[in-house]
Amino acid sequence: AGRGFAVGPARVPIVPAAILFDLLNGGDKGWGRSPPYRDLGYAAADGASAGPVAMGSVGAGLGARTANLKGGLGSASAPVEGTGARVAALVAVNALGRVTVGDGPHFWAAPFEVGDEFGGLGPAAPIPPEAFAWPSKTMPGANTTLAVVATDARLSKAEARRIAVMAQDGLARAIVP
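Under this note's numbering, read the sequence shown as residues 21 to 197, first letter to last.
Since the hints were made in silico from the structure, they are not lab data. Among these hints, one or two may not hold up.
Below 30 Å or equal to it, Euclidean Cα-Cα: the simulated DSSO-like pairs (lysine-lysine) are [claimed, not checked]:
#, residue 1, residue 2
1, Lys157, Lys90
2, Lys90, Lys49
3, Lys49, Lys177
Hey, can you work out the whole structure from these sequences and the hints?
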């Protein structure tokens with residue numbers, strides 16, 4: 021009662037939703053007249069828990085790919101120094117671009133590596149010009165990278181927007197092009 025977006029005397033529930041487009045990445049699509057998505061949604065809700073989130077090729081990351089590697093679901097969190105707050109992100113990567121410098125072992129996000137989460141190789145030096153080339157097998161519109169960033173910090177609307185801008189910058193630093 022009283023929840024949702026007011027449209028005249030009615031209340032319309034606002035339900036955020038997003039999809040990760042992975043339908044062209046192979047797999048069995050022979051489901052006939054009954055797509056499995058409703059059942060998959062129920063199974064996901066039924067399997068929800070307060071425990072750790074499974075990472076990799078599971079859930080939203082199951083059919084995900086990048087230009088040259090398997091994509092998937094990943095998460096990270098960290099304390100914000102001097103505030104007592106934490107910030108966390110959950111990302112499903114099904115990107116058109118690459119997360120590594122060309123086809124090499126170095127990740128674009130290596131300068132921001134914590135510990136040896138990317139193998140401890142550090143940034144590629146030098147970065148070859150071909151590392152910025154557009155992937156050869158592109159399918160515009162057939163890729164999605166979804167992310168949610170959360171914090172327990174008390175933020176104003178402007179501060180929350182700034183966090184969202186920084187999150188977008190993080191994607192741009194980790195996926196090229």
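We went through each hint and held it up to the structure:
1. Lys157 <-> Lys90: Distance of about 14 Å is within 30 Å: holds.
2. Lys90 <-> Lys49: holds (19 Å)
3. Lys49 <-> Lys177: Roughly 42 Å between the alpha carbons, so the hint for Lys49 and Lys177 is violated.
Violated hint for the displayed structure: number 3, the only one.
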